[in-house]
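Colleague: In order, the protein sequence lines correspond to chains H, E and U.
Under my numbering, the first residue of the first sequence carries the number 283, and numbering increases by one thereafter.
Under my numbering, the first residue of the second sequence carries the number -5, and numbering increases by one thereafter.
Under my numbering, the first residue of the third sequence carries the number 675, and numbering increases by one thereafter.
There may be inaccurate statements among the hints.
Claimed, not checked - Ranges of calculated distance between the beta carbons of each label pair, as one might list FRET restraints:
| id | chain 1 | residue 1 | chain 2 | residue 2 | range |
| --- | --- | --- | --- | --- | --- |
| 1 | E | ASP46 | H | ILE312 | 54 to 64 Å |
| 2 | H | ILE312 | E | PRO124 | 56 to 66 Å |
| 3 | U | GLU791 | H | ILE500 | 21 to 31 Å |
| 4 | U | GLU791 | H | ALA504 | 25 to 35 Å |
| 5 | E | PRO124 | H | ALA394 | 44 to 54 Å |
Everything labelled a hint here was simulated from the structure, so no lab data went into it.
Ideal Cβ positions, reconstructed from N, Cα and C, are used throughout, including at glycine.
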Amino acid sequence: MTDAPAPVSASGDAGTTSRRHPLRGAVAYIGLTPFAAYVLLFLAIPTTLAVGTGFFTDEGELTLANIEGLLAPNVLQAFWSSIWVSAVTAVAGAIIGALVCYAMLGMRPDGAVRSFVDAASGVLAQFGGVMLAFAFIATIGSQGLVRVWMQQALGIDIYADGNWLYQVPGLLPVYLYFQVPLMIITFMPALHGLKTQWAEASATLGGTRLTYWTRIAIPVLAPSFLGSLLLLFANAFSSYATAAALISQGAQIVPLQIRSALVSETVLGRENMAGALALGMIVIMVIVMWGYSVLQSRTSRWQR
Amino acid sequence: MTTRSAVRIGAEPGRLPRTLILVIVGLIMAVPIIGMIEFTFRAGLSGGYTLDHWTGLVDEDAARTYRGLFQAIGNSLVLAVVTVAIVVVILLPTMILVHLRFPRLQRLLEFVCIIPITVPAIVLVVGLAPVYSVVVKVFGSAPWTLAFAYGITVLPYAYRAIQANLEAVDMRTLFEAGRTLSASWPRILWHVLLPNLRRGVLAASFISVAVVLGEFTIASFLNRSNLQTALLQVSKSDPWVATIFALLALLFAFILLISIGRLGRERKSSS
Amino acid sequence: MTGAPVHHGAPVHLSGVTKTYGSHQALAGIDLEMAPGEFIALLGPSGCGKTTALRALSGLEAIDGGRILIDGKDVADVPTNRRDIGMVFQSYSLFPHMTVLENVEFGLRMRKVEKMERRARATETLEMVGLDHLAGRYAHQLSGGQQQRVALARALVTRPRVLLLDEPLSALDAKVRVSLRDQIRRIQTDLGITTLFVTHDQEEALAVADRVAVMNAGRIEQIGSPEELYTRPSSPFVADFVGLSNKVSAELLGGRVTVLGATAEALGESLADGPVTALVRPEDIRITADGTPATVVASSFLGSLRRTQVRLEDGTVLAVQHGVGDQLETGNTVHVSVTAAAVSVSAR
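Okay, chain H solo, but in the shape it has when bound (with noise of 0.2 Å):
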């Protein structure tokens, strides 16, 4: 039996044989349950049994009460900590990651500097949790690096009103150490995306660069340039690690209150408080990343 040629369209191949083998489809299917089981058990059960155990008590009970527990003032500040901890490193880390962006604006993607700085901005990005508390308690501990040569050599201390590393405040400069990578690696391809005909169009066309910039190339970024930024907003918030290495016991910010509702072991019964601290959790997480991906497509559209 010869064949026509095959169809080009994408949904051809699948359509044709099918028609033919209908055995051959239905075994094709099947190709992608294991897939399908495994993300159904570690990922939608996980999920599912995360957000629902906020709506039973302990013995199995259908309540609010732990919904109403998030109104509780302490919860409130914690999500509020959350939220603005996550945005000012947002955008610091958005200004900060654009510029380094710009810096490297038509350097060779494979030369030294490029190449470097991509490496270092995967690693560092990654680069959450114990070590990076570490690296921070080494420098500007209390016996750290710079804090000590600060006091010697420049006569300030830090920590003259208190220790703040350890607290809320202290999560700003570390959170920003891999807010910045982050936002290298996410922005780059958006700015190097700027072609360059558009620059020398608006040359030809009697543009300086300050409306090459303000006319041109920052309109066209914006929609990158605040995805990535909610990008990095959702990376703080829903960061765990670091401030679990850094501030040892309490429930400053959201994911502190749920390792205090976990492992607690002086309040029963906060367990299933975790899973409303994981619903709420998750409804912002869905609204920022909602707005991510809506930027998203306005700025592929614009990049053909």
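Following the hints, complete the assembly by docking chains E and U onto the known chain H.
Modeller: Okay, now just chains E and U, sitting in the frame of chain H:
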């Protein structure tokens, strides 16, 4: 367009702003690393410097003193290997299958692989305990079982790395060419498709290893021992060794990531 | 349009322009005079420097030596945005975040033209290219041909004195290419703007330009009207690049060359008498009753004419162009001769 022309019309920054930005940011980013390195040479509260912390790793007592830590490192390495296996054995075939046979499911697959960003480890872990009590019944409580959860955490990164490769190489045409040459599915997969996916699979693997080595949240809440939990534990009694290993882990990840970049470049020069 | 065309264009003069990139000399001394309103095509293979010459004229590349004069003034110190030029790029030059109308208005906006007038002039220019009905669309919603027409309108809206086109049609489909190049020529003639058009497609260059300059390795080999370039190429490079040519063994004697039994004037650099290679166009070879014998190898039907390949006794294969009436069978023996008055020669 040459750089000079680009600078003249404002499309690129001049030499001075470039250097200033890169040097200033670079120096600031280097400080914590320098702080870590300096710390590992400190001789305790008495001041002064020593190599003891480093040499202590290779003396005869080391294996005993740091047994827990070395075991944790071993656990992390095993976890990395198993996670990569999950990526290669479960994710990769699914991505190829969807790309070639079920293109309409592409968006769904992408969505699923991006979910772990929206559902971070700290949320996932709240619901993982019950699942893992079942896992322990079936597979025992060996350290490697944690990889099941890690496979989910690395999904977004692995997916992106493999997808970039799938899109860059025209898999569909290669597949159809193989078919017209009368090759069967398995042979095409082995001889035609996989060799062309080497770059993406390696990139996905390296990133997965980096992520697994840095993972703390899930291991901590499931009371497992891995590199990060052990580091935190050790830091309470011997912060210097903890810092040394943190530096080494960082260096290892850096080498892995430079290798990915190198792979990409080799591909380009040979094509 | 009746009456003499109104020349809005400026005269352009490049003299001795050189440009080197590292060790590679992109421009090795370009001399070019463009009369106001003239349409000149810069033609040549990739790497010959034609785009560099165009960009030097625009100011996007700085030159190392020589002078560029626009309207009599040296523009060495005039940056691109003050040279009063319009430029159309090969592709992807429309600003993606602006509508078609906003793109076209951009040049007027830079000149601080006020809103109502800006809109009117931009719309008028869009009408010239026939796209005023797409004023509210975005670049990604347009076809390649439409995008280039918008790019053209954008470049023309300020009525620049010089128009530069950098291979504007190379990225388009064949049919669109032909209709768009005619449209460009029509508009350019109406507006009388001095125009420099870079292309590697010789058919395109011959079809639209007043004069064509053939470039090779950073120099202009020959400049002249399309007919001149085609019938009297001054060098083998030009003869070979512009139109098809067959390479045939010939004899040179006293300024005249004998090829396939016929004699013609010898063009090109002077060579010593004796054996040479003649470059003969397919339409200058005729199937005759007598002449050099050859065997028909293959024949292609090209719609309005036929092109047949014949093999001479010495093994050379010639392409012969003739009417569709003559049906030549493969394997037949025919006789061929040359009918041109002048052919290009190069060393054997």
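Colleague: Against each hint, give a clear statement of whether it holds in the structure.
Modeller: Consistency of the hints with the structure:
1. Separated by about 60 Å at the C-beta atoms, ASP46 of chain E and ILE312 of chain H satisfy the suggested range of 54 to 64 Å.
2. For ILE312 of chain H paired with PRO124 of chain E, a C-beta distance near 28 Å fails the hint of 56 to 66 Å.
3. For GLU791 of chain U and ILE500 of chain H, the hinted distance range of 21 to 31 Å is satisfied, since their beta carbons lie about 27 Å from each other.
4. The hint said 25 to 35 Å for the Cβ distance between GLU791 of chain U and ALA504 of chain H, and at roughly 29 Å that hint holds.
5. Checked against the hint of 44 to 54 Å, the pair PRO124 of chain E and ALA394 of chain H passes, with Cβ atoms roughly 50 Å apart.
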